[in-house]
Amino acid sequence: MKSNNYIKTIKAFSIAAGILFLSVGCDDFLAEKEVPRIGNEFYKTKQGVLSAVDATYSYMRYGVGGEFTNLFTELGTDLIVGAVGGISKPTDSYNSGLNPAWENLHNWWENNYKAINITNEVLQALPEIEGMSESEKRQCTSEMRFFRGYYYFDLVQQFGSIPLVTVADPVSVRTDFKRAPVSNIYNQIISDLRYAEENLNETATEKKGKATKYAAAHLLAKVYLTRGSAVAEQRGQQTTDMDSTLYYARKVIGNTKYALLDNFSDLWDIDNMGNKEVIFSVQFTYDLIYNGGGNYGHLYWCSSYESVPGMVRDIANGRPWGFHRPTNKVMFELFDRKNDSRFYKSFRWVNYANKAEKGLAIGDTAIYYSLNAPKPGSTHKYTYFQWNKEDETKNNDRYPSLIKHFDPKRATVAEQRGSREWVRMRLGETYLIAAEAAGRKGDYTTAITYINKLRERAAWKADEAKYPQYWIEEGGEEGDTNSTFPLIKVTENDIKTNFVDFMLDERGRELLGEYYRWEDLVRCEKLVEYVTKWNATAARNIKDYHRVRPIPQKHIDRLNPRGPIEEEQNKGYF
1 MKSNNYIKTI KAFSIAAGIL FLSVGCDDFL AEKEVPRIGN EFYKTKQGVL
51 SAVDATYSYM RYGVGGEFTN LFTELGTDLI VGAVGGISKP TDSYNSGLNP
101 AWENLHNWWE NNYKAINITN EVLQALPEIE GMSESEKRQC TSEMRFFRGY
151 YYFDLVQQFG SIPLVTVADP VSVRTDFKRA PVSNIYNQII SDLRYAEENL
201 NETATEKKGK ATKYAAAHLL AKVYLTRGSA VAEQRGQQTT DMDSTLYYAR
251 KVIGNTKYAL LDNFSDLWDI DNMGNKEVIF SVQFTYDLIY NGGGNYGHLY
301 WCSSYESVPG MVRDIANGRP WGFHRPTNKV MFELFDRKND SRFYKSFRWV
351 NYANKAEKGL AIGDTAIYYS LNAPKPGSTH KYTYFQWNKE DETKNNDRYP
401 SLIKHFDPKR ATVAEQRGSR EWVRMRLGET YLIAAEAAGR KGDYTTAITY
451 INKLRERAAW KADEAKYPQY WIEEGGEEGD TNSTFPLIKV TENDIKTNFV
501 DFMLDERGRE LLGEYYRWED LVRCEKLVEY VTKWNATAAR NIKDYHRVRP
551 IPQKHIDRLN PRGPIEEEQN KGYF
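Read left to right, the sequence shown gives residues 1 to 574 (our numbering).
Everything labelled a hint here was simulated from the structure, so no lab data went into it.
As the structure is a computational prediction, the values presented were derived from the model and not from experiment.
Check before you lean on any hint, since a few could be wrong.
Unchecked claim - Straight line, CA to CA, 25 Å or less: simulated DSS-like cross-link-like pairs of lysine-lysine:
{"#": "1", "residue 1": "K453", "residue 2": "K345"}
{"#": "2", "residue 1": "K46", "residue 2": "K137"}
{"#": "3", "residue 1": "K345", "residue 2": "K251"}
{"#": "4", "residue 1": "K46", "residue 2": "K213"}
{"#": "5", "residue 1": "K453", "residue 2": "K489"}
{"#": "6", "residue 1": "K409", "residue 2": "K389"}
{"#": "7", "residue 1": "K409", "residue 2": "K496"}
{"#": "8", "residue 1": "K213", "residue 2": "K453"}
{"#": "9", "residue 1": "K137", "residue 2": "K207"}
{"#": "10", "residue 1": "K554", "residue 2": "K526"}
{"#": "11", "residue 1": "K355", "residue 2": "K276"}
{"#": "12", "residue 1": "K571", "residue 2": "K394"}
{"#": "13", "residue 1": "K329", "residue 2": "K208"}
{"#": "14", "residue 1": "K496", "residue 2": "K543"}
{"#": "15", "residue 1": "K251", "residue 2": "K276"}
{"#": "16", "residue 1": "K441", "residue 2": "K355"}
{"#": "17", "residue 1": "K345", "residue 2": "K394"}
{"#": "18", "residue 1": "K489", "residue 2": "K543"}
{"#": "19", "residue 1": "K257", "residue 2": "K453"}
{"#": "20", "residue 1": "K441", "residue 2": "K375"}
{"#": "21", "residue 1": "K461", "residue 2": "K489"}
{"#": "22", "residue 1": "K208", "residue 2": "K404"}
{"#": "23", "residue 1": "K496", "residue 2": "K571"}
{"#": "24", "residue 1": "K543", "residue 2": "K533"}
{"#": "25", "residue 1": "K496", "residue 2": "K276"}
{"#": "26", "residue 1": "K461", "residue 2": "K526"}
{"#": "27", "residue 1": "K489", "residue 2": "K338"}
{"#": "28", "residue 1": "K358", "residue 2": "K338"}
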């Protein structure tokens with residue numbers, strides 16, 4: 001799967017990142033003390049600028065380089081809660097640990113602002129660079145503006161009002177960072193991404209993983225959708241936001257470079273990375289020398305299995321850190337479990353014995369997860385785990401594992417540095433973005449056209465071999481080879497009564513565990529409502545102010561001059 005171009009891409013990004021970190025250092029971006037910066041001499045050569053451009057990509061790896069993006073986008077929602085390894089996380093229960101001093105907040109803040117600082121420095125230096133053609137400068141400018149928009153969009157969704165920095169000061173260290181209105185931040189993001197969309201290359205011909213015109217269009221559509229989703233909150237929303245969302249989403253959907261895969265399962269095949277549905281992904285490599293910290297995403301979705309007869313820990317079954325498990329809503333309400341194949345294709349329901357013991361041969365079923373009690377009188381050698389609907393906490397150690405992040409090609413059982421690409425944009429979401437924009441405009445005919453494209457893929461196909469759960473769990477007929485699409489195809493009447501709720505659930509069905517949920521609930525102003533209804537752990541503590549995170553205290557402490565706390569910190573956290 002890994003081509004020479006792929007390896008070259010990772011090496012280029014990794015080497016450039018090393019150069020950059022030597023120049024920028026590991027000090028805080030907004031620190032009061034003098035921070036080592038990339039000097040002006042570094043920017044006087046084409047090679048220096050190109051290295052800095054490549055290095056900017058490396059900051060994206062941070063999101064899955066440990067407990068970061070998963071904590072801020074999946075925990076504390078209606079669909080995912082903390083399992084044994086995640087119940088202590090502040091974002092799971094909105095407890096007192098979710099405060100300005102929490103180091104994870106500061107680390108994410110600092111990572112993004114460091115990346116933004118590099119984009120600003122490169123953008124300022126580019127006009128004076130010798131030895132670069134205007135087309136090369138335009139490409140570099142486009143990449144830097146793409147990433148500045150990307151990193152600011154990350155920040156504004158989580159923190160709300162934040163410092164808006166678009167100019168680098170290579171001479172002195174600033175300490176007077178005032179937070180900008182959210183509307184100004186969205187205006188800057190849109191400006192950057194529109195430039196990027198107009199000027200980036202259509203394909204990543206030079207290196208795999210490079211930003212393209214269509215990555216910018218997808219992200220721009222999502223930004224317009226996010227801004228325009230607000231009703232009570234002030235994000236600078238415009239009456240044309242949904243038109244703009246549709247315009248940019250259709251640019252991606254209409255391009256023949258991208259296509260929905262026929263089978264939902266194929267999206268998670270480790271040998272199918274970089275497939276035609278992927279618009280933009282963060283790259284890793286199996287060459288551990290250049291893999292940095294690697295992709296840790298595989299660690300957080302696997303439940304415990306190694307203490308069960310017939311099982312020992314191995315690479316194929318993953319490392320069972322047990323951070324995230326689905327809620328009752330996912331198990332019993334979200335899906336048409338019988339006819340929507342995404343439900344059973346999203347999880348691992350069976351573990352096969354990798355150790356011969358207690359009457360089990362290697363390859364026999366060792367663990368079977370079910371939503372139902374065993375049939376009366378049934379006997380089996382394997383361990384049967386029934387989902388406990390009445391007391392969800394009893395599922396914290398044993399639950400079907402989401403397979404989307406598994407990495408069965410790690411070097412060893414103990415290796416944490418995964419190499420799976422981190423897909424940040426895929427065509428399935430583009431269809432959902434377009435559908436939501438159309439529906440918010442009242443055009444339900446167009447909305448169901450896009451939704452049904454995904455439903456057609458989600459259905460069991462004619463002549464497809466259905467999973468045994470189809471008849472064992474859901475009452476279907478064994479051997480049935482009929483398409484289930486007519487049974488899950490939506491009509492206008494199905495979606496228009498509570499359209500936003502329908503779209504949130506449809507996004508949950510398609511994008512479960514793909515690091516979008518918390519931000520989806522916040523942008524639709526549904527966080528407290530949904531968490532209170534479907535997440536008993538978080539419902540005890542969640543308040544309206546939790547729709548944004550606290551501004552990191554380390555940032556506030558180094559401001560000079562510092563304004564009143566209500567000016568520097570989000571309401572509810574002081």
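Tested hints:
no., hint, in the structure
1, K453 with K345, "holds, 18 Å"
2, K46 with K137, "holds, 9 Å"
3, K345 with K251, "violated, 29 Å"
4, K46 with K213, "holds, 23 Å"
5, K453 with K489, "holds, 9 Å"
6, K409 with K389, "violated, 34 Å"
7, K409 with K496, "violated, 44 Å"
8, K213 with K453, "holds, 24 Å"
9, K137 with K207, "holds, 17 Å"
10, K554 with K526, "violated, 30 Å"
11, K355 with K276, "violated, 38 Å"
12, K571 with K394, "violated, 35 Å"
13, K329 with K208, "violated, 38 Å"
14, K496 with K543, "violated, 29 Å"
15, K251 with K276, "holds, 15 Å"
16, K441 with K355, "violated, 57 Å"
17, K345 with K394, "holds, 24 Å"
18, K489 with K543, "violated, 37 Å"
19, K257 with K453, "holds, 17 Å"
20, K441 with K375, "violated, 49 Å"
21, K461 with K489, "holds, 13 Å"
22, K208 with K404, "holds, 21 Å"
23, K496 with K571, "violated, 35 Å"
24, K543 with K533, "holds, 13 Å"
25, K496 with K276, "violated, 31 Å"
26, K461 with K526, "violated, 34 Å"
27, K489 with K338, "holds, 14 Å"
28, K358 with K338, "violated, 33 Å"
Checked against the numbered hints listed earlier, the structure breaks hints 3, 6, 7, 10, 11, 12, 13, 14, 16, 18, 20, 23, 25, 26, 28; every other hint is satisfied.
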